[in-house]
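Novice: Take a look at the letters that make up each chain.
Number of protein chains: 2
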Amino acid sequence: MDSKKASRRKFLKGGAAAAAVGAIQSASGQTPAPAPVKRSLKDEVAYGERSHYVTSVRVAVLERPSPDEFGLTFHVLTPLQDQVGIITPSSLHFVGTHRGAIVPDIDPREYRFLLHGMVDRPLEFTLEELKRFPSVSRIHFVECLGNRARADHKTVQQTHGLTSCSEWTGVLLSVLLKECGVQKGANWVVSEGAEEVKGAGSIPLAKAMDDCLVAYGQNGEAIRPQNGFPVRLIVPGFEGIYNTKWLRRIKVVDHYYMTYNDYGHISKDPKVAGLNLQWGPKSVITFPSGGQKLPGPGVYQLTGLAWSGGGAVRKVEVSADGGHTWKDAEIRSQVHRMAHTRFGMTWKWEGQECMLQSRCTDELGQVQPTKAQLAKFFNQPPDYYHTHGVQGTDNTIQPWRVAADGSVSNAFA
Amino acid sequence: MDSKKASRRKFLKGGAAAAAVGAIQSASGQTPAPAPVKRSLKDEVAYGERSHYVTSVRVAVLERPSPDEFGLTFHVLTPLQDQVGIITPSSLHFVGTHRGAIVPDIDPREYRFLLHGMVDRPLEFTLEELKRFPSVSRIHFVECLGNRARADHKTVQQTHGLTSCSEWTGVLLSVLLKECGVQKGANWVVSEGAEEVKGAGSIPLAKAMDDCLVAYGQNGEAIRPQNGFPVRLIVPGFEGIYNTKWLRRIKVVDHYYMTYNDYGHISKDPKVAGLNLQWGPKSVITFPSGGQKLPGPGVYQLTGLAWSGGGAVRKVEVSADGGHTWKDAEIRSQVHRMAHTRFGMTWKWEGQECMLQSRCTDELGQVQPTKAQLAKFFNQPPDYYHTHGVQGTDNTIQPWRVAADGSVSNAFA
Numbered sequence: 001m002d003s004k005k006a007s008r009r010k011f012l013k014g015g016a017a018a019a020a021v022g023a024i025q026s027a028s029g030q031t032p033a034p035a036p037v038k039r040s041l042k043d044e045v046a047y048g049e050r051s052h053y054v055t056s057v058r059v060a061v062l063e064r065p066s067p068d069e070f071g072l073t074f075h076v077l078t079p080l081q082d083q084v085g086i087i088t089p090s091s092l093h094f095v096g097t098h099r100g101a102i103v104p105d106i107d108p109r110e111y112r113f114l115l116h117g118m119v120d121r122p123l124e125f126t127l128e129e130l131k132r133f134p135s136v137s138r139i140h141f142v143e144c145l146g147n148r149a150r151a152d153h154k155t156v157q158q159t160h161g162l163t164s165c166s167e168w169t170g171v172l173l174s175v176l177l178k179e180c181g182v183q184k185g186a187n188w189v190v191s192e193g194a195e196e197v198k199g200a201g202s203i204p205l206a207k208a209m210d211d212c213l214v215a216y217g218q219n220g221e222a223i224r225p226q227n228g229f230p231v232r233l234i235v236p237g238f239e240g241i242y243n244t245k246w247l248r249r250i251k252v253v254d255h256y257y258m259t260y261n262d263y264g265h266i267s268k269d270p271k272v273a274g275l276n277l278q279w280g281p282k283s284v285i286t287f288p289s290g291g292q293k294l295p296g297p298g299v300y301q302l303t304g305l306a307w308s309g310g311g312a313v314r315k316v317e318v319s320a321d322g323g324h325t326w327k328d329a330e331i332r333s334q335v336h337r338m339a340h341t342r343f344g345m346t347w348k349w350e351g352q353e354c355m356l357q358s359r360c361t362d363e364l365g366q367v368q369p370t371k372a373q374l375a376k377f378f379n380q381p382p383d384y385y386h387t388h389g390v391q392g393t394d395n396t397i398q399p400w401r402v403a404a405d406g407s408v409s410n411a412f413a
Numbered sequence: 001m002d003s004k005k006a007s008r009r010k011f012l013k014g015g016a017a018a019a020a021v022g023a024i025q026s027a028s029g030q031t032p033a034p035a036p037v038k039r040s041l042k043d044e045v046a047y048g049e050r051s052h053y054v055t056s057v058r059v060a061v062l063e064r065p066s067p068d069e070f071g072l073t074f075h076v077l078t079p080l081q082d083q084v085g086i087i088t089p090s091s092l093h094f095v096g097t098h099r100g101a102i103v104p105d106i107d108p109r110e111y112r113f114l115l116h117g118m119v120d121r122p123l124e125f126t127l128e129e130l131k132r133f134p135s136v137s138r139i140h141f142v143e144c145l146g147n148r149a150r151a152d153h154k155t156v157q158q159t160h161g162l163t164s165c166s167e168w169t170g171v172l173l174s175v176l177l178k179e180c181g182v183q184k185g186a187n188w189v190v191s192e193g194a195e196e197v198k199g200a201g202s203i204p205l206a207k208a209m210d211d212c213l214v215a216y217g218q219n220g221e222a223i224r225p226q227n228g229f230p231v232r233l234i235v236p237g238f239e240g241i242y243n244t245k246w247l248r249r250i251k252v253v254d255h256y257y258m259t260y261n262d263y264g265h266i267s268k269d270p271k272v273a274g275l276n277l278q279w280g281p282k283s284v285i286t287f288p289s290g291g292q293k294l295p296g297p298g299v300y301q302l303t304g305l306a307w308s309g310g311g312a313v314r315k316v317e318v319s320a321d322g323g324h325t326w327k328d329a330e331i332r333s334q335v336h337r338m339a340h341t342r343f344g345m346t347w348k349w350e351g352q353e354c355m356l357q358s359r360c361t362d363e364l365g366q367v368q369p370t371k372a373q374l375a376k377f378f379n380q381p382p383d384y385y386h387t388h389g390v391q392g393t394d395n396t397i398q399p400w401r402v403a404a405d406g407s408v409s410n411a412f413a
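As given, the protein sequences belong to chains H and S, one line each in that order.
Going by my numbering, the first residue of the first sequence is number 1, and it counts up by one from there.
Going by my numbering, the first residue of the second sequence is number 1, and it counts up by one from there.
Be aware that one or more of the hints could be misleading.
[Stated by the list, open to error] Below, simulated DSSO-like cross-link-like pairs (lysine-lysine); rule was C-alpha separation at most 30 Å, straight line:
hint, chain 1, residue 1, chain 2, residue 2
1, H, Lys42, S, Lys42
2, S, Lys207, S, Lys178
3, S, Lys154, S, Lys327
4, S, Lys178, H, Lys348
5, H, Lys371, H, Lys327
6, S, Lys348, S, Lys154
7, H, Lys293, S, Lys38
8, H, Lys178, S, Lys371
9, S, Lys154, S, Lys207
10, H, Lys315, H, Lys327
11, H, Lys376, H, Lys154
12, H, Lys371, H, Lys348
13, S, Lys154, S, Lys184
14, S, Lys348, S, Lys376
15, H, Lys376, H, Lys348
16, S, Lys371, S, Lys327
17, H, Lys184, H, Lys154
18, S, Lys327, H, Lys38
19, H, Lys293, H, Lys348
20, S, Lys348, S, Lys293
21, S, Lys207, H, Lys178
22, S, Lys184, S, Lys207
23, H, Lys348, H, Lys207
24, H, Lys315, S, Lys348
25, H, Lys42, S, Lys348
26, H, Lys154, H, Lys315
27, H, Lys178, S, Lys38
28, S, Lys315, H, Lys154
29, H, Lys154, H, Lys327
30, H, Lys42, S, Lys154
31, H, Lys327, S, Lys178
32, S, Lys315, H, Lys42
33, H, Lys38, S, Lys42
34, H, Lys184, H, Lys207
[Unchecked claim] Covered, in the sense of this in silico footprint (three residues per stretch, anywhere, with C-beta under 8 Å from a C-beta of chain H), are these stretches of chain S:
hint, region
35, 140-150
36, 365-375
Since the hints were derived computationally from the structure, they do not count as laboratory data.
Glycine included, C-beta positions come from ideal geometry on N, C-alpha and C.
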């Protein structure tokens with residue numbers, strides 16, 4: 001066949017060197033590729049692995065004292081900067097934990113799920129019994145309340161790595177509740193997990209009867225241990241903590257139950273003492289993002305994720321001038337309710353210092369606020385949200401500063 | 001909290017013992033659970049693994065002589081009987097191979113993709129350059145021509161395990177073709193992979209300009225080595241062989257090019273010598289399916305997958321009486337064009353011998369045929385299709401026979 005000569009590119013005409021994007025690039029540059037792991041052909045056939053050139057990993061956030069070998073409770077952050085599309089690889093799904101890395105090792109044959117409280121017929125289900133109810137499979141994000149940008153966060157993995165998105169399969173909780181017969185006067189359900197501290201959460205009965213899943217499947221296979229094997233609750237659009245992992249019972253009750261998990265939701269400060277359940281519209285640019293460096297002026301694919309607890313993403317806008325002007329980004333994935341949605345934009349960087357931000361509007365018409373707007377709402381100084389502890393979800397706009405040398409940093413800093 | 005007493009179940013009232021469904025069940029019963037693999041906490045944090053209770057694996061089909069340690073070319077079958085939802089876990093995606101298990105080990109920094117032939121500007125792209133074009137992420141199935149039921153196939157993994165479904169991310173081939181400038185008179189494109197035999201395939205230019213993807217992402221991460229790392233072609237709805245893995249070049253040409261891969265498509269028999277490209281509407285029941293056994297009469301969740309190369313699945317019907325009567329199944333996943341779609345039905349088995357079949361209708365109104373209907377179309381005896389070699393796609397209805405003792409078998413046998 002004919003020559004390999006490559007002539008001028010129309011699309012990339014403004015480009016200098018190639019952009020540093022994705023997992024592959026984090027292995028490129030100076031560092032040699034890791035040697036291939038030697039696996040037998042038999043193992044390769046049975047269960048394939050990723051390329052030895054792909055080295056994207058999660059990292060831990062150390063926080064409170066815990067009994068594991070780290071000695072600290074930690075959450076595990078998903079590498080959003082390396083991901084494409086909307087599905088998070090199950091091996092890289094974020095992990096929120098109460099007790100460090102200690103994951104209950106539950107034998108699925110011994111697993112039981114109890115549904116009781118204000119019901120006509122309290123019932124206990126084995127995993128096999130749960131699978132004898134009609135299943136549904138839906139793509140939803142899960143996001144931890146702790147997913148908030150702070151000034152000392154350098155990368156998007158740090159600012160936003162506590163959200164992931166999977167196809168979840170399970171039984172609608174409403175089907176099981178109807179099986180049990182919910183009694184008059186019931187208003188809330190309390191779900192409890194099997195981990196050492198018995199994490200629990202209260203959600204309104206109306207939500208439980210709507211779209212919650214008692215899920216056993218994640219991205220086509222059984223839920224991973226770190227994400228609740230064999231069964232977890234999925235509460236689409238609500239804070240992660242309500243998506244109880246290692247689900248062992250749900251009690252139907254007549255009022256909100258305070259639980260261990262409420263450390264994350266109840267504040268003594270009356271200004272922020274209200275109960276927040278559902279994520280607002282949110283988005284973040286994953287390229288270019290903190291810690292990355294643009295090799296030079298040129299044409300880039302700006303990309304990121306948007307989502308909302310209120311339903312489907314309707315619009316994502318991007319500003320490259322600190323929020324003065326906004327331009328619609330393209331939606332570059334399939335769009336599902338309460339699911340990550342991939343957006344992108346062809347962006348030409350001339351080499352000037354600038355600030356990049358994205359703004360999500362959801363199907364309810366809710367618009368993602370700036371941090372300053374949210375602080376003003378609470379009548380607080382502009383840095384209010386990220387200098388305080390846990391009081392509510394942070395769905396504010398993430399600004400990234402691009403310096404003249406191409407380096408990208410968190411503009412909160 | 002209160003008692004665990006479980007009273008009568010309304011929904012499962014017809015049920016005896018629980019149904020044997022899914023990956024977990026294949027590990028249950030007599031066999032003890034595999035011991036957990038000891039991994040360091042550091043490794044667990046970086047990259048999580050599935051539960052040691054989940055043992056679902058792919059199996060190889062040995063066929064022609066090949067240079068790997070098996071000594072035979074083989075395809076690798078995905079365990080459809082264990083899967084839920086529509087996403088195939090990347091580690092369990094089926095693998096079609098020309099040369100056994102020998103997977104090219106391509107350094108993504110050295111990777112080049114050449115687009116040439118009848119174009120104004122032949123261009124060669126690095127992986128990083130491909131990522132500087134706008135990306136799209138879409139859920140599509142891939143299915144090998146070899147995916148056909150034979151009388152000696154016992155399980156759904158054997159009859160249908162050469163199809164899988166992923167979220168693919170990449171650049172539309174049309175974008176790259178426009179970048180190169182397609183010349184007048186061009187009608188076909190030939191794509192070639194980097195494997196030892198240089199697998200290649202010809203597809204119409206109209207398809208190349210429509211919805212084909214030069215893909216680098218699969219289920220949120222880089223494409224797996226066995227599925228074409230770092231770049232493969234996705235030709236939605238077309239036979240698997242056109243979805244060239246380890247894509248190294250595409251040549252724009254004016255007529256169909258015969259290639260090595262045509263062994264699977266061209267026949268000397270004039271009755272079947274026509275070129276078939278696109279999958280028709282297809283479906284299969286994955287539970288109950290061959291090799292499984294119903295523990296006794298009762299209420300079960302019949303479930304399966306449906307798909308079509310012609311677009312979205314519009315309807316799936318199920319017959320439990322050998323095709324005399326059909327009833328609409330429920331669609332239990334999100335529906336995408338040229339993608340697996342999960343269907344299900346609550347089914348009460350009274351203990352009688354019966355035959356189960358599913359039938360897919362797609363958005364074009366195409367209806368999945370029986371094997372006898374297809375044979376009649378070719379004026380051949382009813383067992384025609386599965387006793388012959390490769391002549392075209394087999395999208396015929398799969399019948400499963402349920403015996404009075406609950407055992408399920410391939411009704412072709």
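Novice: Indicate, hint by hint, whether the structure satisfies it.
Specialist: Comparing the hints with the structure gives:
A distance of roughly 27 Å separates the Cα atoms of lysine 42 (chain H) and lysine 42 (chain S); the hinted pair therefore holds under the 30 Å criterion. Proposed proximity of lysine 207 (chain S) and lysine 178 (chain S) is supported: the alpha carbons are some 14 Å apart, at most 30 Å. The hinted pair formed by lysine 154 (chain S) and lysine 327 (chain S) meets the criterion: a straight-line CA distance of about 26 Å does not exceed 30 Å. Restraint check for lysine 178 (chain S) and lysine 348 (chain H): the C-alpha separation of about 20 Å stays at or below 30 Å, so the hint holds.
The hinted pair formed by lysine 371 (chain H) and lysine 327 (chain H) meets the criterion: a straight-line CA distance of about 20 Å does not exceed 30 Å. For the suggested pair lysine 348 (chain S) and lysine 154 (chain S), the alpha carbons sit about 24 Å apart, so the restraint of at most 30 Å is met. A C-alpha spacing of about 38 Å is found between lysine 293 (chain H) and lysine 38 (chain S), which places the hinted pair above 30 Å, so the restraint is violated. Between lysine 178 (chain H) and lysine 371 (chain S) the alpha-carbon distance is near 42 Å, which puts this suggested pair outside the 30 Å criterion.
Among the hinted pairs, lysine 154 (chain S) with lysine 207 (chain S) is inconsistent with the structure: their alpha-carbon atoms are about 36 Å apart, more than 30 Å. Simply put, lysine 315 (chain H) and lysine 327 (chain H) have alpha-carbon atoms about 10 Å apart, close enough for the 30 Å limit, and the pair holds. A C-alpha spacing of about 25 Å is found between lysine 376 (chain H) and lysine 154 (chain H), which places the hinted pair at or below 30 Å, so the restraint holds. Between the alpha carbons of lysine 371 (chain H) and lysine 348 (chain H) the distance comes to roughly 27 Å, so the proposed pair stays at or under 30 Å and holds.
About 51 Å separates the Cα atoms of lysine 154 (chain S) and lysine 184 (chain S), which puts this hinted pair outside 30 Å; it is violated. For the hint pairing lysine 348 (chain S) with lysine 376 (chain S), the CA-to-CA distance comes to about 33 Å; that exceeds 30 Å, so the pair is violated. The hinted pair formed by lysine 376 (chain H) and lysine 348 (chain H) fails the criterion: a straight-line CA distance of about 33 Å is larger than 30 Å. A threshold of 30 Å between alpha carbons decides the hint, and for lysine 371 (chain S) with lysine 327 (chain S) the separation of about 20 Å falls inside it, so the pair holds.
Between lysine 184 (chain H) and lysine 154 (chain H) the alpha-carbon distance is near 51 Å, which puts this suggested pair outside the 30 Å criterion. Of the pairs offered as hints, the one joining lysine 327 (chain S) and lysine 38 (chain H) is violated, with about 50 Å between alpha carbons and a cut-off of 30 Å exceeded. This hinted pair checks out: lysine 293 (chain H) and lysine 348 (chain H) have alpha carbons roughly 15 Å apart, not beyond 30 Å. Distance check on the hinted pair: lysine 348 (chain S) and lysine 293 (chain S) sit about 15 Å apart at the alpha-carbon level, within 30 Å; holds.
Distance hint between lysine 207 (chain S) and lysine 178 (chain H) is unfulfilled; the C-alpha atoms sit about 49 Å from each other, more than 30 Å. A C-alpha spacing of about 16 Å is found between lysine 184 (chain S) and lysine 207 (chain S), which places the hinted pair at or below 30 Å, so the restraint holds. For the hint pairing lysine 348 (chain H) with lysine 207 (chain H), the CA-to-CA distance comes to about 44 Å; that exceeds 30 Å, so the pair is violated. About 45 Å separates the Cα atoms of lysine 315 (chain H) and lysine 348 (chain S), which puts this hinted pair outside 30 Å; it is violated.
Restraint check for lysine 42 (chain H) and lysine 348 (chain S): the C-alpha separation of about 40 Å exceeds 30 Å, so the hint is violated. Taking the CA atoms of lysine 154 (chain H) and lysine 315 (chain H), the gap is about 27 Å. The hint holds against a cut of 30 Å. A C-alpha spacing of about 42 Å is found between lysine 178 (chain H) and lysine 38 (chain S), which places the hinted pair above 30 Å, so the restraint is violated. For the hint pairing lysine 315 (chain S) with lysine 154 (chain H), the CA-to-CA distance comes to about 49 Å; that exceeds 30 Å, so the pair is violated.
Taking the CA atoms of lysine 154 (chain H) and lysine 327 (chain H), the gap is near 26 Å; set against the 30 Å cutoff, the hint holds. A distance of roughly 22 Å separates the Cα atoms of lysine 42 (chain H) and lysine 154 (chain S); the hinted pair therefore holds under the 30 Å criterion. Restraint check for lysine 327 (chain H) and lysine 178 (chain S): the C-alpha separation of about 25 Å stays at or below 30 Å, so the hint holds. For a cut-off of 30 Å, the pair hint linking lysine 315 (chain S) to lysine 42 (chain H) is broken: about 39 Å separates their Cα positions.
Annotation: proposed proximity of lysine 38 (chain H) to lysine 42 (chain S) holds, straight-line Cα distance about 20 Å (limit 30 Å). For the suggested pair lysine 184 (chain H) and lysine 207 (chain H), the alpha carbons sit about 16 Å apart, so the restraint of at most 30 Å is met. Requiring three or more residues with a Cβ within less than 8 Å of a Cβ of chain H, the coverage given for the region 140-150 of chain S is violated, as only 0 such residues are present. Under a criterion of three residues with beta carbons nearer than 8 Å to beta carbons of chain H, the stated coverage of the region 365-375 of chain S fails, only 0 such residues being counted.
Checked against the numbered hints listed earlier, the structure breaks hints 7, 8, 9, 13, 14, 15, 17, 18, 21, 23, 24, 25, 27, 28, 32, 35, 36; every other hint is satisfied.
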